[in-house]
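Respectively, the protein sequence lines represent chains F and U. With this note's numbering applied, the first sequence has no gaps in its numbers, which climb one by one up to 313 at the end. With this note's numbering applied, the second sequence has no gaps in its numbers, which climb one by one up to 436 at the end.
These are calculated hints, taken from the structure and not from any lab test. A couple of the hints might just be wrong.
Unchecked claim - For lysine-lysine, the following BS3-like pairs were computed, each having C-alpha atoms within a straight-line distance of at most 25 Å:
#, chain 1, residue 1, chain 2, residue 2
1, U, 167, U, 335
2, U, 218, F, 262
3, U, 127, F, 262
4, U, 197, U, 184
5, F, 271, U, 389
6, U, 205, U, 184
7, U, 326, U, 133
8, F, 171, U, 218
9, U, 133, F, 274
10, U, 133, F, 271
11, U, 197, F, 85
12, U, 197, U, 167
13, U, 376, U, 268
14, F, 67, U, 90
15, F, 244, F, 271
16, F, 184, F, 171
17, U, 133, F, 67
18, F, 85, U, 115
19, U, 90, F, 244
20, F, 274, U, 197
21, U, 167, F, 271
22, U, 98, U, 436
23, U, 98, U, 115
24, U, 115, U, 436
Said to hold, decoys possible - If you want the footprint, here are the derived chain F segments under chain U, 3+ residues with CB under 8 Å:
#, region
25, 55-65
26, 140-154
27, 168-174
Glycine included, each C-beta is placed from N, C-alpha and C at the ideal position.
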Amino acid sequence: MKKTGKKRRGPLAREAQWTGWLFISPMVLGFTLLLLFPMGQALYMSLTDWPLLGDHKFIGLENYRNIATDSMFWKIFGNTVYFTVGLVPLNIVLALLLALLLSKSMKGIGLFRTAIFVPVMTSLIVWSIVWKYMFATDSGLINQLLLLLDIKGPAWLYDEKLAMPAVIVTSVLKNVGLNMVLFIAAIQQVPRSLYEAAMLDGAGKSKSFFNVTLPMITPTVFLTVVMTVIGSLKVFGQIYVMTQGGPSNSTKVLVYYIWEKAFKLFQMGYASALAFVLFFVVLILTLLQWQLRKRWVFNESDT
Amino acid sequence: MKKAGLALMATALLVTAIGCSTNSDKNVNNAAGKKEDVELKFLMWGNQGHMDVYNKLIDGFKQENPGIQVRMESVPFAEYQQKISVLAAGKSLPDIAWVSERMVPQFKENGILADVSEFKDDADFKLDDYIPSTLDLFRDGDQLLGLPFSTPPVVMFYNKTLFDQAQLTDPNTLAAKGEWTWEQFEQSAKEISSSDAKNRVYGANFFRDWKTWAILSSYSWSNGSGPFNDDMTAFTWNDQYGVETFELLERMMFTELSHPKAGEQVSFDAGNVGMFFDNYSYVSKAREITNFEWSIAPMPSGSQGSVPMLGQAGYTLFKDSEHPEEAKKLLKYFASQSGIEQTSTFFVPPRTSVLNSDLFLNQPNNPPKEHIIQAVIDEMPKARIIPGHIRWQDIDNTVLQGFDRLFGRSGTAKDNLAKMQTEVDAVLK
Numbered sequence: 011m012k013k014t015g016k017k018r019r020g021p022l023a024r025e026a027q028w029t030g031w032l033f034i035s036p037m038v039l040g041f042t043l044l045l046l047f048p049m050g051q052a053l054y055m056s057l058t059d060w061p062l063l064g065d066h067k068f069i070g071l072e073n074y075r076n077i078a079t080d081s082m083f084w085k086i087f088g089n090t091v092y093f094t095v096g097l098v099p100l101n102i103v104l105a106l107l108l109a110l111l112l113s114k115s116m117k118g119i120g121l122f123r124t125a126i127f128v129p130v131m132t133s134l135i136v137w138s139i140v141w142k143y144m145f146a147t148d149s150g151l152i153n154q155l156l157l158l159l160d161i162k163g164p165a166w167l168y169d170e171k172l173a174m175p176a177v178i179v180t181s182v183l184k185n186v187g188l189n190m191v192l193f194i195a196a197i198q199q200v201p202r203s204l205y206e207a208a209m210l211d212g213a214g215k216s217k218s219f220f221n222v223t224l225p226m227i228t229p230t231v232f233l234t235v236v237m238t239v240i241g242s243l244k245v246f247g248q249i250y251v252m253t254q255g256g257p258s259n260s261t262k263v264l265v266y267y268i269w270e271k272a273f274k275l276f277q278m279g280y281a282s283a284l285a286f287v288l289f290f291v292v293l294i295l296t297l298l299q300w301q302l303r304k305r306w307v308f309n310e311s312d313t
Numbered sequence: 008m009k010k011a012g013l014a015l016m017a018t019a020l021l022v023t024a025i026g027c028s029t030n031s032d033k034n035v036n037n038a039a040g041k042k043e044d045v046e047l048k049f050l051m052w053g054n055q056g057h058m059d060v061y062n063k064l065i066d067g068f069k070q071e072n073p074g075i076q077v078r079m080e081s082v083p084f085a086e087y088q089q090k091i092s093v094l095a096a097g098k099s100l101p102d103i104a105w106v107s108e109r110m111v112p113q114f115k116e117n118g119i120l121a122d123v124s125e126f127k128d129d130a131d132f133k134l135d136d137y138i139p140s141t142l143d144l145f146r147d148g149d150q151l152l153g154l155p156f157s158t159p160p161v162v163m164f165y166n167k168t169l170f171d172q173a174q175l176t177d178p179n180t181l182a183a184k185g186e187w188t189w190e191q192f193e194q195s196a197k198e199i200s201s202s203d204a205k206n207r208v209y210g211a212n213f214f215r216d217w218k219t220w221a222i223l224s225s226y227s228w229s230n231g232s233g234p235f236n237d238d239m240t241a242f243t244w245n246d247q248y249g250v251e252t253f254e255l256l257e258r259m260m261f262t263e264l265s266h267p268k269a270g271e272q273v274s275f276d277a278g279n280v281g282m283f284f285d286n287y288s289y290v291s292k293a294r295e296i297t298n299f300e301w302s303i304a305p306m307p308s309g310s311q312g313s314v315p316m317l318g319q320a321g322y323t324l325f326k327d328s329e330h331p332e333e334a335k336k337l338l339k340y341f342a343s344q345s346g347i348e349q350t351s352t353f354f355v356p357p358r359t360s361v362l363n364s365d366l367f368l369n370q371p372n373n374p375p376k377e378h379i380i381q382a383v384i385d386e387m388p389k390a391r392i393i394p395g396h397i398r399w400q401d402i403d404n405t406v407l408q409g410f411d412r413l414f415g416r417s418g419t420a421k422d423n424l425a426k427m428q429t430e431v432d433a434v435l436k
């Protein structure tokens, strides 16, 4: 029975295999041509001295060695970590708070949800330009409002200590809506019976949040944390528009540095090496989060 | 059933593939049909006003040269050098393009510019009409790698209405008497300013896009020093005059409140800036001002008189061009006497014959003729160019960081310039 089964499945499987390949060929072709091939090319470039124009030569791991000793790289790496560490908790906590507020079904609640989600759909460049105007020192909205309270506002985007927090706040407000929507969906899926049970056991509002809601939505928390971390390591647009990495490099982050090396200073090899460093940082962080998730993510269907 | 599905899908794919190839066939046919027409690509960073002038020029050229089309494309100045470099790497350079003096060293080094020294032998073209110093930028040994069309000195645009309201003598009169000094400039700026939030008026603005720090070199130059030495091997701004420059700006920004703070979006044509420094070419925008009176004046002077910064822009052809002969024809047309006459509506012409003509001076809505003579023509012999450098982008970045420190008020001008010197010298070496 088994033998014949195998024999009969053989040719069928082969045919099914072809159909399968045919079905996924657009995706596979796109992936190979547009992702795998350029990535391989970039890996090779990262091992060369590659000016935009003129001859390139193979220099092995020298670019990577130079990165390790490039004091600018370490400052920028620090800035990237600062941005991520500043943005991720703020974004997640704010999104969760908003989700708790807005997950209840009340009259007109859709209006508030929309208001917070609209920035997500706005163009990042437009959003950043508007905020750049709002942060302007003399004529900016924020300092004008502070002036009404008789406070002389600082030069937000031109102060080495304030520029990064300003960019972080701008980015959080831009993207918090997306995480909020994910949290709302997760919160609404928590079975009501669990809350009833918790209430019968005498749990208050905060207890039922920490012992029912939070554990039940950990898969969503995990997803949003991973996505937000990756997103914030790759930040570029708002930095480019609002500060151009200034003042004194205090907001220069990795992707901006890669762009600057590649398209302003035309050191393609070095820029590719930097891109691979970023790639490995993201990879390691994601693997680490994936491993650690077993300790704190509950309610996941086994895979 | 499965086989049928497979066949269906294969057919679908095949049809798509055929569809694609038919399309590309059509394109080839189209191209072949118009083969006698050559299309030249012309890249520039001009605004609409500039493009209008060039459209007229191009129409004239097409009438003389049937069968040659010209496609003009404008790219913002801030991205221009990058764009050309990337196009060069992609082997899709235009046939003819504007370049500014900052870009030439890099393009020379890249070896992408085409030689046009044969223009010397063309008697009709009259290359000797060009002011010789304006060709220096484009010389490379025996080769001539381009032709200038604009050699604008930085001039001071001022809002006459604001000067009158503050009952101040205008800078032209003061300059004629030799009294238009940096001290006088700072004083005038202070008196014009109003820090009333609703009706904010700034006395002066040195910056266009917060990047044009080079204009401030004038202070040191007018006192016999400068930001760099002549052969561009050392940063020399870290001296008495550099410190004075930085302190001047700091005072105006933070004490006297007569200069906008970094990041403010103010523009001269809005009418709330007393004095604004820019290339003469800015007249193209200033001519559209209707709500106040304005004119141009020379830079304020120091112990050695006034020294404006000179900018330069020119046309270049590229070695890779598919139509080198046609491109040369177009260049000859643009850079001929009549071509330069037409572009002199906006640009300070490098040809002596045009520079001294009434055509250049008497454009509609121009400032008074005497002011142009005083601020442009008489100042040009004194004007200076910051020497080019192959790593200009690095130098520019480093200097801008120094200005960031000034804008953020971290540290004294002295410490700031000392830090800049260490960093810029590291790039120059």
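Check the hint pairing residue 133 of chain U with residue 271 of chain F against an upper bound of 25 Å on the C-alpha distance. With Cα atoms ~43 Å apart, residue 133 of chain U and residue 271 of chain F exceed 25 Å; violated.
Quick check: do three or more residues in the region 168-174 of chain F have a beta carbon closer than 8 Å to a beta carbon of chain U? As far as the region 168-174 of chain F goes, the hint holds, because 3 residues have Cβ atoms under 8 Å from chain U.
Hinted pair residue 133 of chain U and residue 67 of chain F, Cα distance within 25 Å: Roughly 45 Å between the alpha carbons, so the hint for residue 133 of chain U and residue 67 of chain F is violated.
With a cut-off of 25 Å on the C-alpha distance, tell me whether residue 197 of chain U and residue 85 of chain F pass. violated (40 Å)
Verify the proposed pairing of residue 197 of chain U with residue 167 of chain U, using a straight-line Cα cut of 25 Å. Holds - the C-alpha atoms of residue 167 of chain U and residue 197 of chain U are around 15 Å apart, at most 25 Å.
Residue 218 of chain U and residue 262 of chain F: Cα distance at most 25 Å? holds (17 Å)
Do the alpha carbons of residue 85 of chain F and residue 115 of chain U lie within 25 Å of each other, as the hint requires? violated (34 Å)
Is the Cα-Cα distance between residue 167 of chain U and residue 271 of chain F 25 Å or less? violated (45 Å)
Within a Cα-Cα threshold of 25 Å, do residue 127 of chain U and residue 262 of chain F meet the stated pairing? violated (49 Å)
Can you confirm whether the C-alpha distance between residue 205 of chain U and residue 184 of chain U stays at or below 25 Å? violated (36 Å)
Pairwise hint evaluation, residue 171 of chain F against residue 184 of chain F, where the allowed Cα distance is 25 Å at most: holds (21 Å)
With the threshold set at 25 Å, check whether the alpha-carbon distance from residue 326 of chain U to residue 133 of chain U stays at or below it. Satisfied, since the Cα-Cα distance of roughly 24 Å is no more than 25 Å.
Of the numbered hints listed earlier, those contradicted by the structure are 1, 3, 5, 6, 9, 10, 11, 13, 17, 18, 20, 21, 22.
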